[in-house]
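Note that the protein sequences, when read in sequence, are chains A, B, C and D. Quick note on numbering: the first sequence equals residues 1 to 297 in this note's numbering. Quick note on numbering: the second sequence equals residues 298 to 594 in this note's numbering. Quick note on numbering: the third sequence equals residues 595 to 891 in this note's numbering. Quick note on numbering: the fourth sequence equals residues 892 to 1188 in this note's numbering.
There could be a bad hint or two in this list.
Claimed, not checked - Straight-line C-alpha distance at most 27 Å; calculated BS3-like pairs for lysine-lysine:
1. A:Lys23 x B:Lys498
2. C:Lys617 x D:Lys985
3. A:Lys94 x A:Lys201
4. D:Lys914 x C:Lys795
5. D:Lys914 x D:Lys985
6. B:Lys364 x B:Lys391
7. C:Lys795 x C:Lys688
8. D:Lys914 x D:Lys958
9. B:Lys391 x A:Lys201
10. B:Lys320 x B:Lys391
11. C:Lys617 x C:Lys661
12. A:Lys67 x A:Lys23
To be verified - Heads up, incomplete: computed chain A residues facing chain C, CB under 10 Å, no partners named:
13. Met1
14. Leu8
15. Asn11
16. Arg15
17. Gly40
18. Gly46
19. Gly48
20. Lys94
21. His197
Calculated directly from the structure, the hints in this document are not laboratory data. By construction, the Cβ of each residue, glycine as well, lies at the ideal position given by its N, Cα and C atoms.
Number of protein chains: 4
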Amino acid sequence: MGSSIAILVTNEDARPGAYEEMKDLYRPSHADYTYEVKYGLRNWQGGGRASARETVGRVAAGAIARKILQNYFRTETLTWVSQIHQIVAVVDEKTVTQAQIEGNSVRCPDPVAARNMMERIEAARKDGDSVGGILTVLVRGCPPGLGEPVFDKLTADLAKAVMSLPATRGVEFGLGFESVSLTGSQHNDLFEMREGHVHTKTNRSGGIQGGISNGEDIRMRVAFKPTATIAHAQETVNRSGQSVTFRGRGRHDPCVLPRAVPMVEAMVNLVLIDHALRALPKRGLESLAAHLLRLPS
Amino acid sequence: MGSSIAILVTNEDARPGAYEEMKDLYRPSHADYTYEVKYGLRNWQGGGRASARETVGRVAAGAIARKILQNYFRTETLTWVSQIHQIVAVVDEKTVTQAQIEGNSVRCPDPVAARNMMERIEAARKDGDSVGGILTVLVRGCPPGLGEPVFDKLTADLAKAVMSLPATRGVEFGLGFESVSLTGSQHNDLFEMREGHVHTKTNRSGGIQGGISNGEDIRMRVAFKPTATIAHAQETVNRSGQSVTFRGRGRHDPCVLPRAVPMVEAMVNLVLIDHALRALPKRGLESLAAHLLRLPS
Amino acid sequence: MGSSIAILVTNEDARPGAYEEMKDLYRPSHADYTYEVKYGLRNWQGGGRASARETVGRVAAGAIARKILQNYFRTETLTWVSQIHQIVAVVDEKTVTQAQIEGNSVRCPDPVAARNMMERIEAARKDGDSVGGILTVLVRGCPPGLGEPVFDKLTADLAKAVMSLPATRGVEFGLGFESVSLTGSQHNDLFEMREGHVHTKTNRSGGIQGGISNGEDIRMRVAFKPTATIAHAQETVNRSGQSVTFRGRGRHDPCVLPRAVPMVEAMVNLVLIDHALRALPKRGLESLAAHLLRLPS
Amino acid sequence: MGSSIAILVTNEDARPGAYEEMKDLYRPSHADYTYEVKYGLRNWQGGGRASARETVGRVAAGAIARKILQNYFRTETLTWVSQIHQIVAVVDEKTVTQAQIEGNSVRCPDPVAARNMMERIEAARKDGDSVGGILTVLVRGCPPGLGEPVFDKLTADLAKAVMSLPATRGVEFGLGFESVSLTGSQHNDLFEMREGHVHTKTNRSGGIQGGISNGEDIRMRVAFKPTATIAHAQETVNRSGQSVTFRGRGRHDPCVLPRAVPMVEAMVNLVLIDHALRALPKRGLESLAAHLLRLPS
Chain A
1 MGSSIAILVT NEDARPGAYE EMKDLYRPSH ADYTYEVKYG LRNWQGGGRA
51 SARETVGRVA AGAIARKILQ NYFRTETLTW VSQIHQIVAV VDEKTVTQAQ
101 IEGNSVRCPD PVAARNMMER IEAARKDGDS VGGILTVLVR GCPPGLGEPV
151 FDKLTADLAK AVMSLPATRG VEFGLGFESV SLTGSQHNDL FEMREGHVHT
201 KTNRSGGIQG GISNGEDIRM RVAFKPTATI AHAQETVNRS GQSVTFRGRG
251 RHDPCVLPRA VPMVEAMVNL VLIDHALRAL PKRGLESLAA HLLRLPS
Chain B
298 MGSSIAILVT NEDARPGAYE EMKDLYRPSH ADYTYEVKYG LRNWQGGGRA
348 SARETVGRVA AGAIARKILQ NYFRTETLTW VSQIHQIVAV VDEKTVTQAQ
398 IEGNSVRCPD PVAARNMMER IEAARKDGDS VGGILTVLVR GCPPGLGEPV
448 FDKLTADLAK AVMSLPATRG VEFGLGFESV SLTGSQHNDL FEMREGHVHT
498 KTNRSGGIQG GISNGEDIRM RVAFKPTATI AHAQETVNRS GQSVTFRGRG
548 RHDPCVLPRA VPMVEAMVNL VLIDHALRAL PKRGLESLAA HLLRLPS
Chain C
595 MGSSIAILVT NEDARPGAYE EMKDLYRPSH ADYTYEVKYG LRNWQGGGRA
645 SARETVGRVA AGAIARKILQ NYFRTETLTW VSQIHQIVAV VDEKTVTQAQ
695 IEGNSVRCPD PVAARNMMER IEAARKDGDS VGGILTVLVR GCPPGLGEPV
745 FDKLTADLAK AVMSLPATRG VEFGLGFESV SLTGSQHNDL FEMREGHVHT
795 KTNRSGGIQG GISNGEDIRM RVAFKPTATI AHAQETVNRS GQSVTFRGRG
845 RHDPCVLPRA VPMVEAMVNL VLIDHALRAL PKRGLESLAA HLLRLPS
Chain D
892 MGSSIAILVT NEDARPGAYE EMKDLYRPSH ADYTYEVKYG LRNWQGGGRA
942 SARETVGRVA AGAIARKILQ NYFRTETLTW VSQIHQIVAV VDEKTVTQAQ
992 IEGNSVRCPD PVAARNMMER IEAARKDGDS VGGILTVLVR GCPPGLGEPV
1042 FDKLTADLAK AVMSLPATRG VEFGLGFESV SLTGSQHNDL FEMREGHVHT
1092 KTNRSGGIQG GISNGEDIRM RVAFKPTATI AHAQETVNRS GQSVTFRGRG
1142 RHDPCVLPRA VPMVEAMVNL VLIDHALRAL PKRGLESLAA HLLRLPS
């Protein structure tokens, strides 16, 4: 219709009482203290906007972005768990499929690594501890020309989008931090013609050059810290400035990575569709005018 | 005055002719191809907005942000070269000073590493090759409470700001990608009281929790790829889709890291001052109303 | 909490069937044609976003703005019906109260005019016709200093706000269009001191000079056209480009003015509170820094 | 190039000394007082951003918007002086041309009224007084479908744009305030087919219905107050709160209307081109995708 789309999600299993003991203290490496110092009060009954529950709206909106990308732009965004703690998956980016990713509960398309990851997570749970990891994103069929010069580069907006998710600690594109140990002659992607179009022979740039997509696969990685909530006794302070000991309880996950996959995918798709709408076609004004004036186009 | 500030920078040494041979081909890992695919034409005489010359406006504006941060908020942003290719500096973040950073031409406060870096860069120049590296940012005295929930987290806006700079490939906060190999009990920052204020005993979070500054030093690292322009002969294609060979000439630097230091510092300071202006004080409405209505505050 | 506020309003009396006959034709002076030409389709079951039902969200949000303006800024926005068709109310702006406005169903604080207005509206209803009118807005106690130079002048933002309401045809400030028949010496507001503060002797400027509030009452007027829906048979065309005759039915009001009062008041209050939040106090950076750094202010 | 366009205008005849006597007092109905109360200081040497000199940037940018509107959209915006003080021009909107408007120094296409206006302005100058007036805007060939539902209606954005110009006091669309004295049956614009397209028989709506352009001529009027600077002695107060007498001198115009014509035209054209760029064509996603993916469109 051209109308805004509203999505209402009802939390049917809120348990505010489960957070009673956190009311007056600051859980280590959570947002309790920073929200309180900012606003003078905070929603302690589940973490408020600092809880990953907030991302439900992003994922719901991202599902619409995904449909538009698939149907109109033939663009597919794959996101998977590529590392949990020190277990690293081996994935062939040329052949990996969504079905392989969804083939196990840790959303890792390397079945051997997936099994080890599940064990590692289970071990963390038993220890009352937690682990972090890395997600890899691969966008196939991204149209070239997305991304704006200067401030709104595609790398910049993708970085902002994923770093606005809870527990993210870093993001990199193409070879990322690893590119530092190469020289320019080792790192540069040479151009060649393939099937009548300009392509790069390698893709160390991760599909984005000068902040604008070049039509190759977009490749990025996102680091998530280990979950802050653990069952160990931890020292902290309360709102009165007294030292207290805190031991996490309630519904918490020793590893957020598998559940972060749809969040990251949604944010990437939302950024891509935003940039597609900003990418005025080369023959843009003519076709826009032709449409608006109903002239033959 | 409350007025906008305009800064005009004249390029007094433009040499468009030096780029003549790049007019019709796409330099590998430059933005030539992506700009052309986006706009249908491009400014080949120096790279246009894809050139790092564009950042002069950011650095000039950042100098004003720095003054405000220093004078009003007692906040100091230090940025230095912490790695060039495979040479890693050892820096004591507690004691490092701006004078030490500016003490050598590579802007690395570790004098031994600085000397090795200079040699490495010189070697790259002789090879007609290039190297990349990593910058470290340390913000001392950042007020707590900066950063907005959900999309405009301080991590998100800082990530976008630095990833909008040319040649950046990744950004991380606190322990960043390294945090992945720790467990939650190893990574969490415990709270304690120091001099009457809430502080963390460690600072693995890099001064930002839940996307909001907590008053500890902000720590981040930014990866820059090796410069795309090298003197080696490289295969590429031209605008007509023919294979051609290209060898870089003109004014180029085998390593951008030392010159990227003021760019990154400027972007960080601009983000901090933007967020400070958004941080309505706890007693904000009262004091705003008192001011506007000239009541005793 | 600092959190966003969500308000959900359920339309418990939607009657889509009542609009069945409008599905394929364009009602004269409605938005049927323009929405269809823009989007290629339209929500004919009640007018979609072109219906004044849309303003419920503005009024609900405006109620919060009003509370903040009253409690923190001592600012009161009065809006009343000052003209219906050719009946003009006589109102003493110095003494008029909210109770007088709400004292009758047409929201006109002149009881004699109010009675005539009610009769005029009833006559229009009997004729199957409709009438328009004018609302007057008076903001008492608006803090001086609201409004930004150049594009976001207070006049500009207030004009946009009220002109975004359905059926508005014009807006004017102070003497408005009438100021045209005065000379500068007749129109200028001279300054004087009153109770230790700068005031103007007259208020022909309507409380805004150079786009910034001066602390006098803000005075504006908004014109609403006669309701487009009438019971007369009207010629129009249908979606197939054929001439057809249309006669309005369904739930429509021969005069929207009384119900437009809360809409206009809400939009004015929302603009005022937005500008108050943008009005960084003169001693703004000091007090902001003092708060953020917890220094004695 | 896709690049931003920068325009630098040098004021080669600034005379700050001419404003010396205004340094410490508030000129009646100028922005001296409101800027000072907002910022604590002001640029008294010519009025700063409150001076109409500021509009040079709008007019320069508007010239580019006009070219795009003319060349791509066949849209022409005419603006003329339709009233000065109490002298009202008679203009045939069907036939009026840009040449007729520019045919005299008051920019009024009615030559008889133009002569009377010039005399009226000259009389005001001799009296040391000033006069205001009304501009009429007529946009021919505006594409249908411009304007967004809810807040960014075309009426709303045009109103904001012209009300952000100095000395404006009111704006109206179509019949504007006059529509109030008509009934719905007198005011409604009936639809008919003409040359295979939907048109309205009359244009009392001024080319905009439901906030969206309908393809008919856009008609609006803007009221300007009489110039605040007059040569009469006027009472006012100075910065110390003392009563003083002020008599205007310096470069001032007894009537701004002729010089406001290009300002209003520029602002209208800027709004139209902004909305054209937002008007995603009906077949928008298909054509955008086809372009970006270089499929046959």
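Do the hints match the structure? See the list:
{"no.": "1", "hint": "A:Lys23 x B:Lys498", "verdict": "holds, 22 Å"}
{"no.": "2", "hint": "C:Lys617 x D:Lys985", "verdict": "violated, 34 Å"}
{"no.": "3", "hint": "A:Lys94 x A:Lys201", "verdict": "holds, 14 Å"}
{"no.": "4", "hint": "D:Lys914 x C:Lys795", "verdict": "holds, 22 Å"}
{"no.": "5", "hint": "D:Lys914 x D:Lys985", "verdict": "violated, 49 Å"}
{"no.": "6", "hint": "B:Lys364 x B:Lys391", "verdict": "holds, 22 Å"}
{"no.": "7", "hint": "C:Lys795 x C:Lys688", "verdict": "holds, 14 Å"}
{"no.": "8", "hint": "D:Lys914 x D:Lys958", "verdict": "violated, 42 Å"}
{"no.": "9", "hint": "B:Lys391 x A:Lys201", "verdict": "violated, 45 Å"}
{"no.": "10", "hint": "B:Lys320 x B:Lys391", "verdict": "violated, 49 Å"}
{"no.": "11", "hint": "C:Lys617 x C:Lys661", "verdict": "violated, 42 Å"}
{"no.": "12", "hint": "A:Lys67 x A:Lys23", "verdict": "violated, 42 Å"}
{"no.": "13", "hint": "Met1", "verdict": "holds, 6 Å"}
{"no.": "14", "hint": "Leu8", "verdict": "holds, 7 Å"}
{"no.": "15", "hint": "Asn11", "verdict": "violated, 13 Å"}
{"no.": "16", "hint": "Arg15", "verdict": "violated, 19 Å"}
{"no.": "17", "hint": "Gly40", "verdict": "holds, 9 Å"}
{"no.": "18", "hint": "Gly46", "verdict": "violated, 12 Å"}
{"no.": "19", "hint": "Gly48", "verdict": "holds, 7 Å"}
{"no.": "20", "hint": "Lys94", "verdict": "violated, 40 Å"}
{"no.": "21", "hint": "His197", "verdict": "violated, 33 Å"}
Figure legend: structure checked against the earlier numbered hints; hints not met, in rising order: 2, 5, 8, 9, 10, 11, 12, 15, 16, 18, 20, 21.
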